[in-house]
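Protein sequence lines correspond, in order, to chains A and B.
Throughout the first sequence, residue numbering follows this note's numbering, covering 880 to 1132 in sequence.
Throughout the second sequence, residue numbering follows this note's numbering, covering 589 to 940 in sequence.
Think of the hints as simulated: they come from the structure by calculation, not from any bench.
The model shown is predicted, which means the values in this text are computed figures rather than measured ones.
Don't be surprised by glycine CBs; every beta carbon is placed ideally from N, CA and C.
Incorrect hints may appear among the rest.
As the list claims (entries may be wrong) - Quick list of in silico lysine-lysine cross-link-like pairs, PhoX-like style, CA-CA up to 20 Å: (1) A:LYS1018 to A:LYS1032; (2) B:LYS680 to B:LYS871; (3) B:LYS815 to A:LYS928; (4) A:LYS994 to A:LYS1029; (5) B:LYS745 to A:LYS1001; (6) A:LYS1117 to A:LYS1102; (7) A:LYS928 to B:LYS745; (8) B:LYS870 to B:LYS621; (9) B:LYS815 to A:LYS937; (10) B:LYS666 to B:LYS682; (11) B:LYS871 to B:LYS664; (12) A:LYS1122 to A:LYS1032.
As the list claims (entries may be wrong) - Have a look at the derived ranges for each label pair, beta carbon to beta carbon: (13) B:GLU827 to A:ARG998: 35 to 41 Å; (14) A:GLU1126 to B:THR844: 42 to 48 Å; (15) A:LEU924 to B:ASP704: 31 to 37 Å; (16) A:GLU1126 to B:LYS734: 40 to 46 Å; (17) B:LYS653 to A:ARG998: 51 to 57 Å; (18) B:LYS815 to A:ASP925: 40 to 46 Å.
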Amino acid sequence: MAIHERSLVEPERILRKERLVVEGIDVSGDWNLIILPRVINDYDLDFAKEIINSPDGKTINQCYQCSYCTASCPVHNYWDERYNPRHFIYLARLGMIDELQKRADVMWRCVSCHKCTHRCPKGVLVEEVLKVILRTMAKKGLIEEYPSKKFDKFFTEQVLEYGRIEDGELLFGWIEKQGYKVVKDPILKKPIPFIGETPEWLKELTMKPIKSMNIGFLMLNAKHMLFHPRTKNWNRFKQVLRKVMEEEGALAH
Amino acid sequence: MAKKVLVAGGGPAGLGAARVLGRLGVPTLLVEKEDKLGGRPVLEGYHTLIPRKLKPSQVLGPYIKEVEDNPNVEVKLKTELEACEGEPGNFKVKLSNGETHEVAAVVVATGFQHFDARRKGELGYGLYPDVITNLELEQMFSREGKLYRPSNGQLPKRVAFVFCVGSRDRQLGVTNVHCCRYGCALSGLQGSEIREHYPDVDVFCYYMDVRTYGTWEYPFYWAPQEKYGVRYVRGRIAEITYSPADGRLRVKHEDTIVQRPAEVPMDLVVLVLGMEPSEGTKKVAKILGLAQDPDSQFLIPSEESGSNIISNRPGVFIAGACKGPIDIESSLSEGEAAAAEAASFIGAKVSV
Chain A
880 MAIHERSLVE PERILRKERL VVEGIDVSGD WNLIILPRVI NDYDLDFAKE IINSPDGKTI
940 NQCYQCSYCT ASCPVHNYWD ERYNPRHFIY LARLGMIDEL QKRADVMWRC VSCHKCTHRC
1000 PKGVLVEEVL KVILRTMAKK GLIEEYPSKK FDKFFTEQVL EYGRIEDGEL LFGWIEKQGY
1060 KVVKDPILKK PIPFIGETPE WLKELTMKPI KSMNIGFLML NAKHMLFHPR TKNWNRFKQV
1120 LRKVMEEEGA LAH
Chain B
589 MAKKVLVAGG GPAGLGAARV LGRLGVPTLL VEKEDKLGGR PVLEGYHTLI PRKLKPSQVL
649 GPYIKEVEDN PNVEVKLKTE LEACEGEPGN FKVKLSNGET HEVAAVVVAT GFQHFDARRK
709 GELGYGLYPD VITNLELEQM FSREGKLYRP SNGQLPKRVA FVFCVGSRDR QLGVTNVHCC
769 RYGCALSGLQ GSEIREHYPD VDVFCYYMDV RTYGTWEYPF YWAPQEKYGV RYVRGRIAEI
829 TYSPADGRLR VKHEDTIVQR PAEVPMDLVV LVLGMEPSEG TKKVAKILGL AQDPDSQFLI
889 PSEESGSNII SNRPGVFIAG ACKGPIDIES SLSEGEAAAA EAASFIGAKV SV
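Starting from the given sequences, assemble the full structure and let the hints guide the process.
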């Protein structure tokens, strides 16, 4: 059966099967197409409770949907109407996960200007609440992690390991993580810059400062690339820090 | 001969009026249709009264006791006003027990009745045992002291409040277009009570607007949400169905914020009933020739007077829910105000 007004039905709601057998009866052919209804069948209250019960998400219950936050939100006003903090709060509070997922591509776009939080007449910590919603969704695998988050994690790992970052290693390690082939020296297993599949834009980006560096600084950088600098007494501190972060669940996100 | 005042109705407004008249030393005749004083809160077994969260016995008990004990007040139960003749200041009233009295003024406090939810067939009241009214929920609390599903006696996992049943509804005719005024606040209170005693029960309020006006905003709207976690969903319930597969009800509505239709499972559905003028109010209006709202049939105050207890007929004062939805504390104070007006109308000498 053809759908005459296909534009009215979202593609994900159309089920079409080549062969369809319902209760032993072959209904392939004319009846093999099903349009799923738009009806909300239930609320996912476990999801909602996880947000409400988290220490930074409990102000979500104070929202009375006046939309002061959305009216103030620069992301909503200047970028995409689908970024609507007031609506995210409503959806999260009732656990309407499919509706939240429809907006997954815009949900990470908060610029943290905190206008929403400062203006909310009910004292909802809007920006915090939205972060909790995202965190909970990410934890449950309901939303793909925002690309910048992946870099944050990589960065944090390096800081945790050495107490500081090393530019070359951070850069080329990240490049390697993105799937480029990085050539390493056989002894120390450190990446050798600009050999292998370094993208053109990166070569250009890194060569500019390198060209203007004096030779002493360049040598220092090269030494750091080979022998990663470490914060004093870091090994002891690192263990404590890692433990605390693990306990607070800060490493997972 | 002492000038007497007739108070028609023994509910909050009538008790307020009779108590003040008795205290002022005015001979008073209190006529009540039912067999006890107190009106709807006492007769129907309300549990907690808004806005002060007191029991009906706490609020109305002292009034009933004083009215019954005061020698100036003559209480006639199971009695109604049948006819009234004469001029203001000199009415001759006939009661249903055959007595006639001469009274100088009348305080009408004949009250309201609850909307009959069976008139909204699509909501399934009377058809599904788990669809109850907010009055029945009050009685469940006050008489049985526990929350349960009438179909199986078990604790519901989810409770839905359906706002505006029999209010703001032109489908019922012009009689029910007004707002019931108490429903939003009472639902907030009942929802909070459920959440307080049964924290695992999820409570949903299906609303179009939340009209917890004035100082009721915090205790009956903010606190239920912030303190007790009652959920508010915007959308009027259009239909309630029953699913034999899981034995639960489905509330059909459009979530007007998400703009999607929804059929959400619920275990107990509470219909928030509107207020209508009682039979007694309609009857008294005819007997005394009082002006009524052409739509709702509630009594309306005199157009010339700014006060809403002065009726269109001199010597007749109207107080409480016979004039439209009102809360109990306001009903009491209107009764008291009407008593003062009646006392001054008959020129009673008040010793100070």
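* Please name the hints from earlier in the document that this structure breaks, with their numbers sorted from lowest to highest. => Checked against the structure, the hints that fail are numbers 4, 5, 6 and 18, while the rest are satisfied.
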